[in-house]
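A.B. asks: Each chain is listed here by its residues.
4 protein chains.
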Amino acid sequence: MSQESQVLVENEHNHDVPDGSGHGYLTSKDGYLKRLRRIEGQVGGLSRMVADERYCIDILTQISATTRALESLALELLDDHLRHCVVRAAREGGVEAETKLSEARDAIARLVRS
Amino acid sequence: MSQESQVLVENEHNHDVPDGSGHGYLTSKDGYLKRLRRIEGQVGGLSRMVADERYCIDILTQISATTRALESLALELLDDHLRHCVVRAAREGGVEAETKLSEARDAIARLVRS
Amino acid sequence: MSQESQVLVENEHNHDVPDGSGHGYLTSKDGYLKRLRRIEGQVGGLSRMVADERYCIDILTQISATTRALESLALELLDDHLRHCVVRAAREGGVEAETKLSEARDAIARLVRS
Amino acid sequence: MSQESQVLVENEHNHDVPDGSGHGYLTSKDGYLKRLRRIEGQVGGLSRMVADERYCIDILTQISATTRALESLALELLDDHLRHCVVRAAREGGVEAETKLSEARDAIARLVRS
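Residue numbers (my numbering), protein chains in the order written: chain A, 1 to 114; chain B, 1 to 114; chain C, 1 to 114; chain D, 1 to 114.
Read the hints as simulated data drawn from the structure, not as lab findings.
There's no promise every hint is true.
The list cannot tell twin chains apart, which means a pair is met if one copy fits it or any two copies do.
[Claimed, not checked] Below, in silico cross-link-like pairs of lysine to aspartate or glutamate (EDC-like), each with a Cα-Cα straight-line distance of 16 Å or less:
hint, residue 1, residue 2
1, Lys34, Glu98
2, Lys29, Glu76
3, Lys34, Glu92
4, Lys34, Asp79
5, Lys34, Glu76
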């Protein structure tokens, strides 16, 4: 819940930005949504494979493909985030830059370890 | 396509097994289906987060959680597979045991590297 | 320490095996030692890169190569382990088979998550 | 070899920086060297485990610990790099900022996939 409200505050903050830039990933929002629909389809396919009692190894192959698709999406989102939010904060400096860098470090650690 | 037909042959083969055991994961089929529905919900949640232009870092956190859920599922499926198909093949020995061990090795490598 | 003594017991146990087969990986012991020396050299190279104040990105590239070399070694050791210790235990059945399968599952999970 | 020369050029470039800041990681150079010596010791320990024919699962546990130590080091180096080189380039802007961001993206992808 506290994460939820932090996000809303964040969004409001961004909507206040004069140039309307908001979150970096918006530039390719449709591309991200398209890829997420494909990943949702892959997970639906996994359910059908289990329901049809398909061979374990084939299900594992499909899980690896789905995980890789999620990882690629995460890497692209992170790149967008560094190029927009982090670069903007770096230019402004101060506490905001420090916060953005710490957040990016933690998000990268979660990706590497997941 | 050739992978498709290999799976069907595999299924037929398993249905021939006198004790009707089939694939090991069947024992917990409902559990797997439940977890996959939850993962499908997580991916749907990711689409809504992007559509609502939520903060990148929160989307990345949710992607890491989804990837971890898929990995846990894969580890459990693999454990079932080792305990049933691989152990059965190991007892029978011969070409079938060799095939099952090579398949397991390749599936583990894909999981470690994805 | 308790892990240490468990290993010694394990070794003694294996030396009791009539056919003297011991751990599966012994068949390629020299190969493993050669690869570990190369990995030790890669880590030594990393120390020299830091001492010489080389560019971060190049150090990170070298760390990724070292991690991949360790992972490949682990995957081969695990394959040897499944083909020898686990298959042997599967044929014997009982508590020993159960123990070996649980150990393998945990080792695979550590590899996937590290 | 071409990578080698690129690094030397990079180093020269950094030595030209008026404030003598160089690579960000230099601030904790001793800390990195100490950790790398410990990792080199872990790899040496792995060689002794194989030479002593220790149990596979214990060797795999030690490999996972070594991989995690390398990953933690990489994450800290990357954080230093983002905080120093990338932030500096972001402030200067232009081609240099673009280069640094692309390099960081590729290094993160290698870490996530290794």
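A.B. asks: Checking against the hints above, which ones are violated?
C.D. replies: 1, 3 and 4
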